[in-house]
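Taken in order, these protein sequences are the chains called A and B. Heads up: the first sequence begins at 0 in numbering that gives the first Met the number 0, then just goes up one per residue. Heads up: the second sequence begins at 0 in numbering that gives the first Met the number 0, then just goes up one per residue.
By construction, these hints were calculated from the structure, which means they are not laboratory data. As the structure is a computational prediction, the values presented were derived from the model and not from experiment. Warning: the hint list may mix true and false statements.
Stated by the list, open to error - If you want the footprint, here are the derived chain B segments under chain A, 3+ residues with CB under 8 Å:
(1) 107-118
(2) 123-132
Claimed, not checked - Dumping the calculated DSS-like pairs for lysine-lysine here, alpha-carbon to alpha-carbon at most 25 Å:
(3) A:K372 <-> B:K237
(4) A:K287 <-> B:K154
(5) A:K148 <-> A:K98
(6) B:K94 <-> A:K10
(7) B:K237 <-> A:K287
We put the CB at the ideal spot given by N, CA and C, even for glycine.
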Amino acid sequence: MNLAFRDIRHKLGRFILTCLGLSLLLGVVVTMAGIYRGQTADALALSRAIQADIWVVQGDTNGPFAEASRIPGDTREMVARMGGVTAAGSLTFQTVQVKQGSRRLRVQIIGFEPGRPGEPANLIAGRDIHRSHFEVIADRQAGVGLGEKLTMGRNVYTVVGLTEGNVTLSGDSVLYMTLLDAQQLQFDVTPAEGRREVSRGALRVNTNIVNAVVARVSAGFDVQEVAETVRRWKHLSVLTEAQQAEILTRTVIERASRQLGLFMSVLTLVSAVIIALIVYTLTMEKLKEIATLKLIGAPDRTIIGLIVQQALMMGVVGFGFGTTLVALAKDRFPRRIVMESGDLVGLFIVVVCVCILASAVGVRIAVRVDPAKALVG
Amino acid sequence: MSTVDVDMSPQPTAPAAALVEIRGVSKHFGEGEARVDALRDVAFRVRAGEVVGLLGPSGSGKSTLLNVIGCIVEPNEGYVALDGEVVYDHRWLRKDLRHLRLEKIGFIFQTHNLLPFLNCIDNVALVLHLARVPRSEARQRAVELLEYLQVGHRKNAMPAQLSGGEAQRVAIARALANRPRIILADEPTAALDSERAGIVMDLLHKLAVEQQAAIIAVTHDEKILGRLDRVVRLRDGKISL
């Protein structure tokens with residue numbers, strides 16, 4: 000006869016409400032873990048999607064994600080001519096706000112050279128860019144449809160393809176366009192601004208600037224050796240794919256991870272306090288029943304079992320509700336939430352431990368209950 | 000303990016055997032000026048088949064005496080024997096007092112004290128469950144006891160759905176579940192009207208005779224005095240004649 004289960008069944012409505020409240024709290028803890036994983040995945044998604052072996056960037060920088068980087072457009076030809084490099088492509092990165100109907104859409108534009116490294120990955124609908132100008136490929140998360148027209152700068156672009164999972168570290172969707180279009184969008188000025196520049200005698204600005212050159216290295220060559228060769232050109236820096244991933248995970252999202260970790264710890268502590276308070280209240284409500292149980296000969300383990308099992312049921316059901324809630328709502332969340340089974344198992348173990356610890360207060364009270372209390376009217 | 004029949008026939012114990020015997024029992028609470036002597040050199044015996052009433056004004060030591068016999072409160076000195084076993088002789092002679100209560104004593108409370116989250120069968124079967132009686136046997140005996148006490152038709156009801164008299168009869172069934180030889184009742188009729196109080200006392204009397212149990216009932220209720228075999232009056236912690 001499981002007394003904990005019977006007691007819960009007797010007050011099922013209250014138990015469900017308590018679990019729902021707890022599930023929201025534990026759901027936030029699960030969300031925090033999911034956001035952390037999502038952030039890591041987002042941070043690496045773009046660099047992985049580009050599938051480059053080396054990233055050539057401005058000298059003494061860790062660009063283009065962690066730091067700003069500007070290098071001449073002809074760097075790509077220099078890199079492509081190196082021994083061991085099978086292909087190289089120039090890339091530009093810029094964040095813009097696109098007016099889409101009544102809303103402003105914040106996107107990261109990647110300018111790439113069709114047919115070279117850096118092309119959009121994970122195309123799920125539509126086609127690649129076939130024309131040199133005014134075609135874009137957007138990530139599904141941006142919420143734009145195939146054939147939709149987007150006005151950026153002085154030009155109108157047509158969405159010809161959709162990708163999936165191409166977002167930046169800050170969660171912005173990526174929009175791919177040709178390098179020429181991207182450079183034009185970055186450097187072209189309005190006619191009025193152009194006339195003013197001409198009238199003040201300003202020199203024509205070189206617009207053949209890119210943010211990085213990515214290259215793929217032949218299987219027979221050592222990536223490190225190729226990178227070393229590029230490093231000898233003093234005005235450039237080189238990052239291998241592994242270094243780029245390390246910079247992104249260690250430096251770029253380190254602070255965010257610490258913040259999330261702190262929030263998770265605080266929320267877990269708050270959950271523990273709340274569970275302890277609920278268990279305390281439930282125990283105080285049952286003092287007479289506990290005294291009666293002791294009087295009729297129930298051993299301590301029966302009474303401890305009643306309290307610990309209730310705390311565990313509350314934690315387990317709350318965690319289950321919370322996880323289900325997050326799983327159902329995660330796609331509507333503004334940031335990517337990645338629920339990894341390892342994290343969930345880890346959190347579940349933490350919740351179980353928290354419940355056992357939190358029930359200590361109730362157990363302490365219950366064990367000390369005087370059976371004579373049962374005789375008091 | 001594991002048998003399930005409701006055999007109310009006399010047990011092999013000799014009719015005059017003392018099931019409860021206490022001698023020279025004293026109990027005080029606090030020390031110095033705050034000391035309160037709850038029991039002073041109390042001695043009495045209750046035989047099998049007897050229903051004894053403990054009477055006395057508030058603070059006379061009735062509840063303390065009941066708690067001493069129920070192995071809930073440890074006396075300061077004296078001798079206590081239950082069902083032929085010496086359980087206290089200046090110190091507890093058994094460490095597993097809860098098991099002792101489970102084995103030998105049945106409790107009936109002023110308010111029924113049924114567990115609100117268990118139905119009538121489970122409230123009664125719980126005691127058997129604690130004594131490790133198999134579930135099906137425990138339930139069968141619980142049903143038989145409830146029927147014997149004429150509340151069988153309410154076996155699946157929750158305590159909150161019972162009338163005062165029904166709840167008290169279920170509580171009596173629980174007290175009898177393990178066939179205890181000693182039944183301690185604390186104001187068993189306090190929450191009942193005179194008619195139902197009479198029924199409960201008659202029932203206790205019948206049980207004492209049929210089960211050869213010793214029943215000790217603390218009461219203030221003068222109306223039930225006629226239904227007791229003997230009355231022990233307490234005043235200031237002493238038995239008064």
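Structure-based check of all given hints:
no.: 1; hint: 107-118; verdict: holds (count 8)
no.: 2; hint: 123-132; verdict: holds (count 6)
no.: 3; hint: A:K372 <-> B:K237; verdict: holds, 23 Å
no.: 4; hint: A:K287 <-> B:K154; verdict: holds, 23 Å
no.: 5; hint: A:K148 <-> A:K98; verdict: holds, 10 Å
no.: 6; hint: B:K94 <-> A:K10; verdict: violated, 36 Å
no.: 7; hint: B:K237 <-> A:K287; verdict: violated, 30 Å
Violated hints, listed in ascending order, are 6 and 7; each of the other numbered hints is respected by the structure.
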